[in-house]
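Chains B and A supply the protein sequences, listed in that same order.
Residues 1 to 186 in our numbering are what the first sequence spells out, letter by letter.
Residues 1001 to 1178 in our numbering are what the second sequence spells out, letter by letter.
Simulated from the structure, these hints should not be mistaken for laboratory data.
Just so you know, not all the hints are guaranteed correct.
[To be verified] Calculated pairs, EDC-like style, for lysine to aspartate or glutamate (alpha carbon to alpha carbon, straight line, at most 20 Å): (1) K1018/A with E29/B; (2) K1055/A with D23/B; (3) K1161/A with D8/B; (4) K1044/A with E1004/A; (5) K1161/A with D1120/A; (6) K111/B with E168/B; (7) K1089/A with E152/B; (8) K2/B with E1117/A; (9) K1055/A with E1066/A; (10) K111/B with E152/B; (11) K2/B with E17/B; (12) K1064/A with E1004/A; (13) K1044/A with E168/B; (14) K1089/A with E12/B; (15) K1089/A with E168/B; (16) K1161/A with E1142/A; (17) K1044/A with E113/B; (18) K1055/A with D4/B; (19) K1055/A with E29/B; (20) K1161/A with E29/B; (21) K2/B with E1177/A; (22) K1055/A with E141/B; (23) K1089/A with D1120/A; (24) K2/B with E1066/A.
[Said to hold, decoys possible] Covered by chain B, according to a simulated footprint, are these stretches of chain A (three or more residues, beta-carbon under 8 Å): (25) 1050-1063; (26) 1066-1076; (27) 1115-1124; (28) 1166-1176.
Treat the numbers as computed from the prediction; the structure is a model and nothing was measured.
Just so you know, even glycine gets a beta-carbon here, dropped at the ideal spot from N, CA and C.
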Amino acid sequence: MKTDRQLDQLIESLPREITPRRDLWAGIEAQLDQQAMPAIHSRHPAKFFAPASRWAAVLAVAVLGVLWWSGIGIDPALQVAQPTMEPALNGQAIEQVPADQQIAAVYTAIKAELLSSVGLVSADFGDWQYQLTLWDQALSEVRDALNYYPEEPALLAQMEGIYQQQIEYLQWVGTLDSGSTIWMEN
Amino acid sequence: MAVEITPVIRSAQNGDRKAFYVLYQQHVGRVYAICWRLLGDTQKAEDACQEIFIKVWQRLPEFKGESSLATWLHSIATRTAIDVWRLDKRLHFVEAEEVEATADHAQLLEQPLDSAEARDLERAIQQLPAQAKAVFVLFALEGYQHTEIAGLLGIAEGSSKAQYHRARQLLRGLLSED
């Protein structure tokens, strides 16, 4: 049996760094192409709109979630897009489809519906589609996390929250092209 | 204690990939070490290492120099490696033979270790039970305190100390067998 002192000496002799057997940079760099840096995003004016909607979205998602899963129903405004959910899931029984795919199918349909109703938005409003892209990137990260922790309730709630923010944002953007807002007066 | 943000870090924060590559080269050895020791598998360690550097790239703009970049980066590395380790532990029951095969991985033998005894220690660490191994690696090799380890692994501080003591006992026994 080794003594504690001998063990400590051995521990001290272990290298603090280990060189990977292959260069990992190529794989990292390839994935950087698909990533964007937060600092670049943060300079964009669209960020201004995110914080206010975030808290609203949390509340909305909580209410929506309760209604959704209890089977009572959802906002009638959102039900317009619901019929498109079944084709999106390729006819699979709903209980066989992972929850994240169910959420994605429903909200993607709602987003498509809202996007189709968005007309010409004043340039003064900024690049509103950029904000949507940021949320899409966030959704992608949540999906990655769900690959590690499938059906994790917190991640699913986060996913719904992001989708809900997009929906609310799109609903808001949809009101800006009516010609009666301050954005159109400039 | 605030530290200076070097031009290389500043460039990387602004999206300069060459600068980020310099940071990668500076830190990959230490990041990979914790991944490999925690996960005990080359492929998983490589995947985790890549995931860590992508996270670092994404979060680099948040680095304000409150600590050294090495400390900041290592914190991300440790947390990510533990997440992967925790998932791996949950999904994968490791058979004894597999542990032995992993510990005997050629890469381990290629490392420039000072002595055969040091190599035996690396191999013995990989034979420890999962939690004892994680605590040992974090405390003895990565320099974390038991309070920090308890937070990282979601266990009580006392459990961390007990697991470390157990790990040492097992290692002493394993090394004597060799």
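These are the hints, each one checked on the structure:
The hinted pair formed by K1018/A and E29/B meets the criterion: a straight-line CA distance of about 10 Å does not exceed 20 Å. Note on K1055/A and D23/B: the hinted pairing holds, with a Cα-Cα distance of about 18 Å set against a maximum of 20 Å. At most 20 Å may separate the alpha-carbon atoms for a hinted pair to count; K1161/A and D8/B meet this at roughly 16 Å. Between the alpha carbons of K1044/A and E1004/A the distance comes to roughly 34 Å, so the proposed pair goes past 20 Å and is violated.
As the CA atoms of K1161/A and D1120/A are separated by approximately 24 Å, the hinted pair breaks the 20 Å bound. Distance restraint check for K111/B and E168/B: the Cα-Cα separation of roughly 10 Å lies within the 20 Å cut-off, and the hinted pair is therefore satisfied. Between the alpha carbons of K1089/A and E152/B the distance comes to roughly 17 Å, so the proposed pair stays at or under 20 Å and holds. Our distance criterion of 20 Å between C-alpha atoms is met by K2/B and E1117/A, whose separation comes to about 11 Å.
Taking the CA atoms of K1055/A and E1066/A, the gap is about 19 Å. The hint holds against a cut of 20 Å. For the hint linking K111/B to E152/B, the alpha-carbon distance of about 24 Å lies beyond 20 Å, and the restraint is violated. Restraint check for K2/B and E17/B: not satisfied, since their Cα atoms lie roughly 25 Å apart, outside the 20 Å limit. Among the hinted pairs, K1064/A with E1004/A is consistent with the structure: their alpha-carbon atoms are about 9 Å apart, no more than 20 Å.
In summary, the hint linking K1044/A to E168/B is not supported, as the alpha carbons are separated by about 40 Å, beyond the 20 Å threshold. Taking the CA atoms of K1089/A and E12/B, the gap is near 27 Å; set against the 20 Å cutoff, the hint is violated. Taken as a hint, the K1089/A and E168/B pair is broken in the structure, with Cα atoms around 40 Å apart against an allowance of 20 Å. Between K1161/A and E1142/A the alpha-carbon distance is near 15 Å, which keeps this suggested pair within the 20 Å criterion.
Of the supplied pair hints, the one linking K1044/A and E113/B is violated, its CA atoms being roughly 42 Å apart against a limit of 20 Å. For the hint linking K1055/A to D4/B, the alpha-carbon distance of about 38 Å lies beyond 20 Å, and the restraint is violated. The suggested pairing of K1055/A with E29/B holds, with an alpha-carbon distance near 12 Å, which does not exceed 20 Å. A C-alpha spacing of about 40 Å is found between K1161/A and E29/B, which places the hinted pair above 20 Å, so the restraint is violated.
Between K2/B and E1177/A the alpha-carbon distance is near 10 Å, which keeps this suggested pair within the 20 Å criterion. Simply put, K1055/A and E141/B have alpha-carbon atoms about 11 Å apart, close enough for the 20 Å limit, and the pair holds. Taking the CA atoms of K1089/A and D1120/A, the gap is about 23 Å. The hint is violated against a cut of 20 Å. Distance restraint check for K2/B and E1066/A: the Cα-Cα separation of roughly 41 Å exceeds the 20 Å cut-off, and the hinted pair is therefore not satisfied.
Evaluation of the coverage hint for the stretch 1050-1063 of chain A: fulfilled, as 9 residues show C-beta separations to chain B shorter than 8 Å, against a requirement of three. For the stretch 1066-1076 of chain A, the stated coverage by chain B is not satisfied: 0 residues place a CB nearer than 8 Å to a CB of that chain, which falls below the threshold of 3. Here's how the stretch 1115-1124 of chain A fares: 5 of its residues keep a CB closer than 8 Å to some CB of chain B, so the rule of at least three is met and the hint holds. Counting residues of the stretch 1166-1176 of chain A whose CB falls under 8 Å from any CB of chain B gives 6; the rule of at least 3 is met.
Checked against the numbered hints above, the structure violates hints 4, 5, 10, 11, 13, 14, 15, 17, 18, 20, 23, 24, 26; every other hint is satisfied.
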